[in-house]
Amino acid sequence: MGIRHLLRKILLLKEIGSFVMLGTAILVFYLLSPPFLSLANIQLILQIAPELGIMVTGVTLLMISGEFDLSVGSVFALCPIINIMLMNLGLNVYLSAIFASIASCGIGALNAVITLKLRIPSFITTLGTMMIWRGVIMLITAGWPFPFLEEAIPLQKLLVGEVGLIRLSLIWYGMIVLVSWIILERSRFGNWMFAVGGNPRAAKARGINTDVVKATNFVIASFLAGLAGLIQAYRLEAFMPLAGIGVELDVIASAVIGGASLAGGAGTVIGSVIGALLIRIIDNGLVLAGAPGYWFRIFVGIVLVVSLTFNRIIETKVHKMR
Amino acid sequence: MSKLPLVKLVNIHKWFGRVCALEGVDLSVDYNEIVGLLGDNGAGKSTLIKILSGVYSPDKGEITWQGEKINFSSPKNSIKLGIETIHQEVALIDRMNVMRNIFIGREPVIRLGPMGWLNMKKMARESMKALEKVALYLRSPEALVEELSGGQRQGVAIARAMYFKPKLLVLDEPTNNLSVKESKRVLRFVTEMKAQGVSSIFISHNLYNVYPIADKIVILRHGKKVGEFKKEETSIDDLTEMITLK
Numbered sequence: 001m002g003i004r005h006l007l008r009k010i011l012l013l014k015e016i017g018s019f020v021m022l023g024t025a026i027l028v029f030y031l032l033s034p035p036f037l038s039l040a041n042i043q044l045i046l047q048i049a050p051e052l053g054i055m056v057t058g059v060t061l062l063m064i065s066g067e068f069d070l071s072v073g074s075v076f077a078l079c080p081i082i083n084i085m086l087m088n089l090g091l092n093v094y095l096s097a098i099f100a101s102i103a104s105c106g107i108g109a110l111n112a113v114i115t116l117k118l119r120i121p122s123f124i125t126t127l128g129t130m131m132i133w134r135g136v137i138m139l140i141t142a143g144w145p146f147p148f149l150e151e152a153i154p155l156q157k158l159l160v161g162e163v164g165l166i167r168l169s170l171i172w173y174g175m176i177v178l179v180s181w182i183i184l185e186r187s188r189f190g191n192w193m194f195a196v197g198g199n200p201r202a203a204k205a206r207g208i209n210t211d212v213v214k215a216t217n218f219v220i221a222s223f224l225a226g227l228a229g230l231i232q233a234y235r236l237e238a239f240m241p242l243a244g245i246g247v248e249l250d251v252i253a254s255a256v257i258g259g260a261s262l263a264g265g266a267g268t269v270i271g272s273v274i275g276a277l278l279i280r281i282i283d284n285g286l287v288l289a290g291a292p293g294y295w296f297r298i299f300v301g302i303v304l305v306v307s308l309t310f311n312r313i314i315e316t317k318v319h320k321m322r
Numbered sequence: 323m324s325k326l327p328l329v330k331l332v333n334i335h336k337w338f339g340r341v342c343a344l345e346g347v348d349l350s351v352d353y354n355e356i357v358g359l360l361g362d363n364g365a366g367k368s369t370l371i372k373i374l375s376g377v378y379s380p381d382k383g384e385i386t387w388q389g390e391k392i393n394f395s396s397p398k399n400s401i402k403l404g405i406e407t408i409h410q411e412v413a414l415i416d417r418m419n420v421m422r423n424i425f426i427g428r429e430p431v432i433r434l435g436p437m438g439w440l441n442m443k444k445m446a447r448e449s450m451k452a453l454e455k456v457a458l459y460l461r462s463p464e465a466l467v468e469e470l471s472g473g474q475r476q477g478v479a480i481a482r483a484m485y486f487k488p489k490l491l492v493l494d495e496p497t498n499n500l501s502v503k504e505s506k507r508v509l510r511f512v513t514e515m516k517a518q519g520v521s522s523i524f525i526s527h528n529l530y531n532v533y534p535i536a537d538k539i540v541i542l543r544h545g546k547k548v549g550e551f552k553k554e555e556t557s558i559d560d561l562t563e564m565i566t567l568k
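Just so you know, the protein sequences line up as chains A and B, in that order.
Counting along the first sequence from 1, when you hit position 40 you're at 40 in my numbering, and nothing is skipped either side.
One rule links them: number in my numbering = place in the second sequence (from 1) + 322.
Source of the hints: derived by calculation from the structure; they are not laboratory data.
Treat the hints with care, since some could be wrong.
[To be verified] Pairs of lysine-lysine residues, derived as DSS-like cross-links and limited to a Cα-Cα distance of at most 25 Å, are as follows:
| hint | chain 1 | residue 1 | chain 2 | residue 2 |
| --- | --- | --- | --- | --- |
| 1 | A | K9 | B | K444 |
| 2 | B | K444 | A | K14 |
| 3 | A | K9 | B | K443 |
| 4 | A | K14 | B | K552 |
[Stated by the list, open to error] Some chain A residues flagged as far from chain B (calculated, every beta-carbon gap over 10 Å):
| hint | residue |
| --- | --- |
| 5 | N191 |
| 6 | I208 |
| 7 | F310 |
Think of the CB as a built atom: it goes at the ideal place given N, C-alpha and C, for glycine as much as any other residue.
Generate the whole structure from the sequences, applying the supplied hints.
Below you can see the structure in the form of structure tokens.
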């Protein structure tokens with residue numbers, strides 16, 4: 001195996017662009033502020049990262065099958081609120097969480113039905129449902145957060161309990177990533193997802209039910225957004241109506257930085273992890289570097305554009321290397 | 323071989339809104355027969371094929387497959403029966419690799435309890451075999467389809483169709499966008515398949531492609547069948563007139 005061949009193999013890795021960006025970001029923030037790589041700070045990043053990461057993985061899967069979900073931020077807030085409201089009605093904490101998750105799945109299913117049956121682009125559908133569910137949240141809470149309940153502690157330990165240096169949420173995230181990777185890369189369903197997102201007509205002609213594939217991913221994305229919301233609510237011990245506002249843009253930016261295509265048919269689970277980590281690191285690194293909070297959006301924007309450009313350049317290079 | 327035709331379509335109608343795409347078309351394909359389906363753009367060729375491959379269902383009419391009345395409700399059914407269709411242009415997924423393309427919808431899996439893992443080794447091995455059968459030698463079954471030339475893509479589509487041992491091969495304008503040499507290879511391939519007992523419907527607007535290999539030629543115009551000829555009963559000049567006549 002020549003060095004050229006090896007180089008090509010490395011460049012062909014779909015995650016290479018985002019991986020280089022991640023490395024660069026870590027280096028730059030470390031140089032700006034060495035405590036960035038202190039144990040305490042790494043711990044902090046790993047505590048927060050799963051919440052965004054879980055959502056990004058869900059949306060990445062959905063984007064691979066050719067659809068979008070902008071309502072994840074609203075589900076992120078709604079799921080924990082349903083959870084706490086059911087508890088206030090006297091329902092057991094686990095059952096409340098399960099019902100809240102079923103509601104998240106239902107929201108995903110509704111997105112799917114509107115998009116697929118009424119043939120409305122999912123970008124528009126979920127822009128609508130994003131507003132609707134946020135409105136519903138404000139209507140039922142009047143904007144007030146729900147306080148944490150003692151009965152919720154067992155589930156809190158399960159979701160975000162501390163084990164050694166990390167929180168359990170990191171383990172859950174790891175398992176979600178692993179299962180998603182297996183489904184996407186090593187199952188028949190994963191093959192159908194790429195096919196449906198890459199060329200729906202060709203997929204249909206091979207006998208694949210494109211609607212079922214897409215609907216499943218709508219439900220998965222929504223379920224994971226709800227789960228991420230639960231994890232944050234239990235970590236912060238607050239069920240907040242305003243949680244997750246604007247997060248859908250971070251989610252989509254992360255997914256795209258991680259190599260997911262807006263046109264569908266492309267993306268990787270590992271890329272979704274790198275993308276989410278990168279956004280979290282920018283957020284954290286800027287704070288440590290003493291930059292005003294406004295810089296966050298500017299940096300995310302820059303990284304988004306640079307990473308896409310970078311991928312495009314690599315792609316052309318690899319094609320020329322043949 | 324049985325006297326019944328392999329597939330028989332009777333009085334097929336298809337409307338799109340107020341436009342009538344097919345108006346009482348009959349078509350039958352015998353065992354070991356290559357049928358050339360000719361007609362100008364908009365004659366209804368592609369609609370007829372999409373009915374056969376289960377993409378559309380006819381508004382009226384009857385289809386019998388090996389003597390049995392059949393409802394072609396989905397592409398899955400039609401593939402199961404043994405009809406492999408090579409659609410014009412939409413056959414492959416560019417951003418997926420060759421072996422994943424070949425096995426879409428029928429991926430081999432290794433069962434592990436309730437989980438089915440994709441059998442990647444088998445996919446790679448069988449893909450290479452299938453490609454060799456159509457004389458296509460690729461560097462790797464993991465090459466992306468978008469890296470292939472037009473002829474190579476058509477080769478992959480044909481290799482896929484053949485791998486699943488069809489009884490009827492439907493080719494929709496298979497020589498479009500191909501070089502002369504590549505077209506010849508496709509034509510030779512269809513004749514070879516006939517020798518192995520596979521019937522074909524070969525759709526084209528180019529008579530000179532179809533005539534040399536077809537046993538029977540059917541001409542559509544404005545959604546109606548305007549002629550059906552055994553090859554030995556007709557000449558290429560008569561046919562040209564039939565197609566272009568307004």
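* So is A/I208 really clear of chain B, every C-beta pair being over 10 Å apart? -> violated (5 Å)
* Asked: Does the alpha-carbon distance linking A/K9 and B/K444 stay inside the 25 Å limit?
  -> Judged against 25 Å, a Cα distance of about 22 Å means the pair holds.
* To do: Just double-check A/N191 for me: nearest Cβ-Cβ distance to chain B has to come out over 10 Å.
  => violated (5 Å)
* Has the given pair, B/K444 with A/K14, been kept, meaning a C-alpha gap of at most 25 Å? -> holds (24 Å)
* Asked: Given the proposed pairing of A/K14 with B/K552, does the C-alpha separation stay at or below 25 Å?
  -> violated (54 Å)
* Assess, step by step, whether the Cα of A/K9 is no farther than 25 Å from the Cα of B/K443, and give holds or violated. => Measuring from Cα to Cα gives roughly 19 Å; hence the hint holds.
* Asked: Regarding the assertion that A/F310 does not contact chain B, is the least Cβ-Cβ distance greater than 10 Å?
  -> holds (18 Å)
Of the numbered hints given earlier, the model fails hints 4, 5 and 6; all others are met.
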